[in-house]
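Novice: Each chain, written out:
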Amino acid sequence: MTTLIDIIQTLSILAIPSIIFFIVTYGIIKKVKIYEVFVEGAKEGFNVGVRIIPYLVAMLVAIGVFRTSGAMDFLTIIISPITNLIGMPAEALPMAIMRPLSGSGALGVMSEIINTHGPDSLIGRMVSVMMGSGETTFYVLAVYFGSVSISRTRHAVPAGIIADIAGIIMSVWLVNLIFG
Amino acid sequence: MLNYIWLSLIVIGILVAVAIDFRDISTDKFRNGEEIQTELIFDSPTPQLEKGKHYKCNISIPASEMQKIYRLPLSENLVQEAEIIVSNSNEAVIKISTDEQTPIIWRELAAAQRKDSHVLQGKIHFVKFSENVFNATLILNPVKFTKLNSVTNDGVVRYAKTAVELAIGLIGIMALWLGIMKIAEASGLITKLAGLLKPITTRLFPDVPPEHPAMGAMIMNISANILGLANAATPLGLKAMEELNKLNKKLGTATDAMCTFLVINTSNVQLIPATVIAIRAASGSANPTEILGAVIVATTVSTIVGITAVKSLSKLKVFRKQLLEGRQP
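Going down the list, the protein sequences come from chains A and B.
Here the first sequence stands for residues 1 to 180, numbered as in the working numbering.
Here the second sequence stands for residues 1 to 329, numbered as in the working numbering.
Do not take every clue at face value.
[Claimed, not checked] Using C-beta positions, here's what the derived DEER-type ranges look like:
| no. | chain 1 | residue 1 | chain 2 | residue 2 | range |
| --- | --- | --- | --- | --- | --- |
| 1 | B | E81 | A | I178 | 42 to 52 Å |
| 2 | B | Q121 | A | L75 | 29 to 39 Å |
| 3 | B | I226 | A | S80 | 31 to 41 Å |
| 4 | A | L75 | B | N132 | 49 to 59 Å |
[Claimed, not checked] BS3-like cross-link-like pairs, simulated, lysine-lysine; straight-line CA separation at most 25 Å:
| no. | chain 1 | residue 1 | chain 2 | residue 2 |
| --- | --- | --- | --- | --- |
| 5 | B | K246 | A | K43 |
| 6 | B | K315 | B | K249 |
| 7 | A | K33 | B | K192 |
| 8 | B | K53 | B | K95 |
| 9 | B | K315 | B | K198 |
| 10 | B | K250 | B | K317 |
| 11 | A | K30 | B | K192 |
| 12 | A | K31 | B | K192 |
| 13 | B | K198 | A | K30 |
Since the hints were derived computationally from the structure, they do not count as laboratory data.
Because the structure is a prediction, the values reported are computed rather than measured.
Every residue gets a Cβ at the ideal spot worked out from N, C-alpha and C, and that includes glycine.
Excised from the complex, chain B in its bound form:
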């Protein structure tokens, strides 16, 4: 099942990116290579632009040009800060800094030219007009396959890095809770906890012996989840998985108890959604906690549905077979 989901996320993602890129190419969305008539305005009189030198200036694009080229109805001329590097007597490389006023199409173009960039690059041909104004023809650097590029850079490369960072970041907190859990185990606290909730847990996890450490770890994980202690919940959950795996007769394949435990975790038995309340309060809600009742009911129902589903599905032949086939002694 995870195979198909994994495959479809990647295949749908790439196909959609290709489709969007071909649409952009066929509609020439970014108007690659188009000449734009602009003015360069300098703060002080600049009689001559010398080769190899950098100059700061403002570039002004008439509203009529933006309308003609991008079909953008601007109410006034677009003025942006820019830096030019003169390469020839009448040619220069230009770097236009984008800001809030910049049309979205230019911001997208800037981001596509160079990753996470707020600078739009292009070439200009200029002719002196007056003391501090030059007429300039702007050609922005062309871009193509912008979506596929962002899939590669933002999707694949960045997420692979994030995954490792997440896993490494988990090590410290993992070590802390695994240590604490070991104390709880050695002192007999876990067994005690497991005994306390025996009537419920033996029904949920009939394959796990009631006094097994896995029970205690699962109870601690579920309690941490209910209280919204995400930092503690994951390490406790992983501890529980480790204990459950000791009962696993076919390594590499999930047991019924593991599936049930996972579904209880993914259906999020949380009573206090602290983050949501914080965001609502920060964005000026009159009553940030008014959603609490609905959250508790929704999450309870989803947990009940999840447990029912996991119990009924586990009886299906397809899933039984996976558990029994080729079982190691």
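Isolated chain A (complex conformation):
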């Protein structure tokens, strides 16, 4: 199994340099003035970074209020009867709530649960799968839509949440099935 980890690590180290190398070389072959074109494209970086600030502030402050207020414990108590039905232990529920909201928050919850229950416990495996298969939906929504100044998001949010819920249900079901 260490070999698999090695392969994954090597791949993630090699991937970005190879992509850059390939694109630049291809550009040279096609006689593109690579330096000038690169700079021209890179100019936009600053504008995009600045453009997403208001969207990101709005989203992160709301998430910050939610996280620091202790609302998580409150929500856990309310939802746990429902999540019990799909075989999710109450301990794993904070992970399911945190995953779409905050990447660093979810990482914290995952580390804490793994420290308490052990990485090879059922709960430890379950939060690992949730972490791996989920995404910080609200951050992505804020940044992506913010970069093109879109505030009317139409059906992106409900569809994103449906996908998140599907991912969580699958994580719970699969872990119970494989390791339960």
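Keeping the supplied structure of chain A fixed, place chain B upon it in accordance with the hints.
Specialist: Frame of chain A; chain B shown alone:
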């Protein structure tokens, strides 16, 4: 939709914080103003404590006092390092350093007294007992509305700062990938890539012309996501959004293609969850990668469900109307 989620995060957060604070006040959780009988123990004989001077000492709180005041069953007396600043002949300000042994209630109190603090502050009245021991009555500085305070400081202020830091931090990597993408665009690589996956992409994004640069950018973003290259994925995704926005006839409102693209991104089509594996390995898992299969299946299912949902929802009248109403020419 985002409006309601935003509103509920904030409203639920603040209401819960207020509820917790009122519960703490009504149960007097921190025992504000309560007198605690303690002993100050000095390393060397100290005949007199002089006004205006700082002294290092240990403060010892009998287990019986902790039991009486906080209902905490301690097996032995609590001894903590402290510093006192004498203000009067028998009065002083005390700063108690908290550590791992400190009861949680005191650590919470320290954090509530001053943000991120590991020092508990209070006042003492002392009477000399022996060469290096003083009897002291400790009154800790009172705190109230601790949750609302932490919502303000940790929630609102800190997160607003984090948001800007994140956005600024993105500028460099954004510039790099936007530059690289421009080369790929100018060399015709993007169009080529778009042509390669045409059978799939035209079904997913029927509104986007198959050879449009948006297609190429989206393909690159999704590939970066699959490989777990988070650093590259976001800039490539934003590039794709920019291209998609060029096809947008109603600026400020998301198009069908944007929604589909967003859902593919949020459902995380990732094959190699490198961070998760690293954490599992670091915490001593016998087999850190055993979750890989479950992750791949779960993420695939969530992506399929997401795409199905986004396609079906886009046909709903509510969402159609938003796209067509007041469309700019």
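Novice: Give a verdict on every hint.
Specialist: Quick rundown of the hints versus the structure:
no. : hint                       : in the structure
1   : B:E81 - A:I178: 42 to 52 Å : 50 Å, holds
2   : B:Q121 - A:L75: 29 to 39 Å : 34 Å, holds
3   : B:I226 - A:S80: 31 to 41 Å : 34 Å, holds
4   : A:L75 - B:N132: 49 to 59 Å : 52 Å, holds
5   : B:K246 - A:K43             : 18 Å, holds
6   : B:K315 - B:K249            : 18 Å, holds
7   : A:K33 - B:K192             : 19 Å, holds
8   : B:K53 - B:K95              : 14 Å, holds
9   : B:K315 - B:K198            : 23 Å, holds
10  : B:K250 - B:K317            : 17 Å, holds
11  : A:K30 - B:K192             : 13 Å, holds
12  : A:K31 - B:K192             : 16 Å, holds
13  : B:K198 - A:K30             : 23 Å, holds
Violated hints: none; the structure is consistent with every hint.
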